[in-house]
Amino acid sequence: MKFTSITDEARIALGGLADYAGGLVQPTVRLGVTGLSRAGKTVFITALVHNLLHGGRLPLFEPYAGGRIKRAYLQPQPDDDIPRFAYEDHAEELLSGDNRKWPSSTRLISQLRLTIEFEPEGFFARNVAGGTLNIDIVDYPGEWLLDLPLLDLTYAEWSAEALRTAQIAPRDKLSKAWLKHLAELDPSADADEAVVRKSAEVFTEYLAACREDEYALSTVPPGRFLMPGDLEGSPLITFAPLEVPKDGKPSQGSLWAMMERRYESYVTRVVKPFFMNHFARLDRKIVLVDILAALNAGPAAVTDLKQALGSIMPCFRPGRASWLNLIAGKKVDKILFAATKADHLHHTSHDRLEAILRVLLDEAMTNSKSAGASIDAAALASIRATREVRLQQDGEDLPSIVGVPELGKGSDGESFDGKAEIAVFPGDLPEDPNEALTAHNEGDIQFLRFRPPVLASEGAGQEASFPHIRLDRALNFLLGDKFP
Amino acid sequence: MTDSSPKRRRPQVVRLDQGPAEEPETACAPEKTEPKPKRKSTPKKPRAPRTMVAPEPEQVKFDDPSSRGELALANHLEPAAKGLRWGSIFASCIAALISLGIGLWFTQLIEDLFARNTWLGWGATGLMGLAGLALLVMVVRELTALAKLRKLGKLRNDAEQALQGNKDAASVVQKLKAMYRGRRDMAWQLKALARHDGEIIDNDDRIKLAERELMRPLDAEAKRLIANAAKRISVVTAVNPAPALDVLFTGFQILRMLRQLAGLYGGRPGTLETISLARMVVTHLAVTGGMALSDTLIQNVIGHGLAGKLSSKLGEGTVNGIMTVRIGLAAMDLCRPLPYAALERPGLREFLSELTTFGSTSDPDEKKG
Numbered sequence: 001m002k003f004t005s006i007t008d009e010a011r012i013a014l015g016g017l018a019d020y021a022g023g024l025v026q027p028t029v030r031l032g033v034t035g036l037s038r039a040g041k042t043v044f045i046t047a048l049v050h051n052l053l054h055g056g057r058l059p060l061f062e063p064y065a066g067g068r069i070k071r072a073y074l075q076p077q078p079d080d081d082i083p084r085f086a087y088e089d090h091a092e093e094l095l096s097g098d099n100r101k102w103p104s105s106t107r108l109i110s111q112l113r114l115t116i117e118f119e120p121e122g123f124f125a126r127n128v129a130g131g132t133l134n135i136d137i138v139d140y141p142g143e144w145l146l147d148l149p150l151l152d153l154t155y156a157e158w159s160a161e162a163l164r165t166a167q168i169a170p171r172d173k174l175s176k177a178w179l180k181h182l183a184e185l186d187p188s189a190d191a192d193e194a195v196v197r198k199s200a201e202v203f204t205e206y207l208a209a210c211r212e213d214e215y216a217l218s219t220v221p222p223g224r225f226l227m228p229g230d231l232e233g234s235p236l237i238t239f240a241p242l243e244v245p246k247d248g249k250p251s252q253g254s255l256w257a258m259m260e261r262r263y264e265s266y267v268t269r270v271v272k273p274f275f276m277n278h279f280a281r282l283d284r285k286i287v288l289v290d291i292l293a294a295l296n297a298g299p300a301a302v303t304d305l306k307q308a309l310g311s312i313m314p315c316f317r318p319g320r321a322s323w324l325n326l327i328a329g330k331k332v333d334k335i336l337f338a339a340t341k342a343d344h345l346h347h348t349s350h351d352r353l354e355a356i357l358r359v360l361l362d363e364a365m366t367n368s369k370s371a372g373a374s375i376d377a378a379a380l381a382s383i384r385a386t387r388e389v390r391l392q393q394d395g396e397d398l399p400s401i402v403g404v405p406e407l408g409k410g411s412d413g414e415s416f417d418g419k420a421e422i423a424v425f426p427g428d429l430p431e432d433p434n435e436a437l438t439a440h441n442e443g444d445i446q447f448l449r450f451r452p453p454v455l456a457s458e459g460a461g462q463e464a465s466f467p468h469i470r471l472d473r474a475l476n477f478l479l480g481d482k483f484p
Numbered sequence: 485m486t487d488s489s490p491k492r493r494r495p496q497v498v499r500l501d502q503g504p505a506e507e508p509e510t511a512c513a514p515e516k517t518e519p520k521p522k523r524k525s526t527p528k529k530p531r532a533p534r535t536m537v538a539p540e541p542e543q544v545k546f547d548d549p550s551s552r553g554e555l556a557l558a559n560h561l562e563p564a565a566k567g568l569r570w571g572s573i574f575a576s577c578i579a580a581l582i583s584l585g586i587g588l589w590f591t592q593l594i595e596d597l598f599a600r601n602t603w604l605g606w607g608a609t610g611l612m613g614l615a616g617l618a619l620l621v622m623v624v625r626e627l628t629a630l631a632k633l634r635k636l637g638k639l640r641n642d643a644e645q646a647l648q649g650n651k652d653a654a655s656v657v658q659k660l661k662a663m664y665r666g667r668r669d670m671a672w673q674l675k676a677l678a679r680h681d682g683e684i685i686d687n688d689d690r691i692k693l694a695e696r697e698l699m700r701p702l703d704a705e706a707k708r709l710i711a712n713a714a715k716r717i718s719v720v721t722a723v724n725p726a727p728a729l730d731v732l733f734t735g736f737q738i739l740r741m742l743r744q745l746a747g748l749y750g751g752r753p754g755t756l757e758t759i760s761l762a763r764m765v766v767t768h769l770a771v772t773g774g775m776a777l778s779d780t781l782i783q784n785v786i787g788h789g790l791a792g793k794l795s796s797k798l799g800e801g802t803v804n805g806i807m808t809v810r811i812g813l814a815a816m817d818l819c820r821p822l823p824y825a826a827l828e829r830p831g832l833r834e835f836l837s838e839l840t841t842f843g844s845t846s847d848p849d850e851k852k853g
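One line per chain: the protein sequences are U and E, in this order. The opening position of the first sequence corresponds to residue 1 in this note's numbering, with each subsequent residue numbered one higher. The opening position of the second sequence corresponds to residue 485 in this note's numbering, with each subsequent residue numbered one higher.
All the pointers check out, no bait thrown in.
Here are some, though not all, of the chain U residues that point toward chain E, as calculated from beta-carbon distances under 10 Å:
| no. | residue |
| --- | --- |
| 1 | Pro59 |
| 2 | Ala65 |
| 3 | His347 |
| 4 | Gln393 |
| 5 | Val402 |
| 6 | Asp428 |
| 7 | Phe447 |
| 8 | Pro467 |
| 9 | Asp472 |
What the hints contain is simulated information worked out from the structure, not anything from laboratory work. No residue lacks a Cβ here, since even glycine has one placed at the ideal position from N, Cα and C.
Using the sequences and the hints given, assemble the complete structure.
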């Protein structure tokens, strides 16, 4: 799959060269926080920034544990046309005591620059370079990530793919309305704006239905149909798949031609800049995957997740960092694959969760490794909302977690008031990770949504910080060697 | 669905009636969390909220690192004051013998004295016997103190297994903490390590964290002990004329250094390892004695030129110092309860500056940056 042409590669290389020149004066790391929607990207960035700004507990993040970090502060983002990540708002939402809640889904792309001053250790670093590192982090809606494979597909191919997936369980139930509407359309009829708009609406409803918790399916592209951001109501996202032959050509002025033109302009005017400006110039990447929601919904959702991840992996550009990158364009030399929301499981299940993650990302990991990037996989929780206990039930010892579930109804019909603490034994993860992809009994595993934790100060004079699971190890892997 | 492997347990949801004031369960050893029985069906007795009284600041005294010096060593390192009396007897006996014109072997001296006068001979014999007895008592004291310390080999093996993921790290760390519990100089480090008890950390990371927190100050102190012993030995063997004295002094200083290292780390190496260490020590002493002997031989052959004598003596001192450092590093490897995973093993390079400068007891770490 080729996502970029030669001119694109040249532009990427020039961008990389500019970054390198700037980096000699002010060392910068572009950290890509990637993941599908509701994987936990916003929470990860908020927790990372909060821990570094307020001195959290990061014992395994070596520059921090060694006391070499002098201070950290936020700076205006480097690209002026991208809004700034609303870190203060998100942190306030998480810290507001009784009204604490998770940040809502990201709707817009946003950027953040975190500057860290530290004590350099190496001879060169001490005497020549300063002890400053800029970390540029970009947050964007996870739905947009699924647009990237569109760079490689024509309109006819995309339509065929959308139709194919709509007819496989479990989407077949949800796509009935759209398929019915599609059957009434004639691709060679005259183009009509009202028809196009109706078609787009029906298609969007179908996509929204797939995303419900019950099914937890990853979105079919284009992701911006569900998260338009700036493009709300724009003609750029008013189109839909049609039943068209793969090799045919649309006649002038037909519905098919209009849809195809809109699709092409969407790809070139929306998806391509997104890829070029953000993905192609990353240094380090963390891929957040929410496996638990998929496990909750069943093996169909897990398989769907695997396919979605497999389709976006080729656009990551793994490789070893070397001087050749000045010519060939930047490569991502470290990728961390993280299974988020690990605090919903007892720590004894974390290795099984990591095994499932490896199975889901098997191909991606091998490709990245063979390209020379160093990769790691971990079960992560950016903010730990639960604590661990052991329940004694009928003589059995169940490793469980305790937290405050969100207001609402659980899957058993139990209702939670959002204040009382509940102990949950989530069930056993399958010992063989491949079982997660195959059929199993519904209700074998149950995960609740918990509210964020109440922060407690550790002792006199110490600021409260978000508890986490393995966030410091992730930071150490991604950024540890950038503090010479 | 397969139930052939360990059966999958159904999910459960349990309400906790205690309310938000329940005492948090500290998963200090994540593997062996104390089981708190909570019955689902029977009503639970609500436990009253409890606050823990913070320990009095006076109960925990933090070791002030700036006051480090020979006299500020924690009390586990030094033998009782009684030993000094034997040391001074030994020193005064040797001084008395030296004053009788030592440069010959003691036996030759006694024979000469016997030839001259029986009483002088018997007096010299008595002094020599007392000196030998004093030396013997000191050596035995050191050895018994060493034998009293526990063996550390198993703990280090467990730690290595935990690093590879085969064994649980929390129990290893608990054993380590139990070993250092009563020590004043480790109170701060233990407290810093205890902060991470409730966190979920992988086995190998937990061992590395314990090593960074607990072993770093001990390693620094051990390097200081080795450097001081090496410097003392190099200076004394450089200026000492008699080979027998060289050997005795070196042997005793090394024994003392080994005992201090073992006391510092809280344990001693196992029997087999002690034997290999003893072999290294014997080699060192043989080299010392050999150099001292050959030095006098070389002197007689080449001549008594001052320059020749000085430089060869200094060279001998440095070689002795280097061998002491080697023995000290080997002993450090054996006495250290954790393998070198997170911290670097010190090398000979760090001590070379100590060995070649005389007159100051400084920290080898200070030289770096």
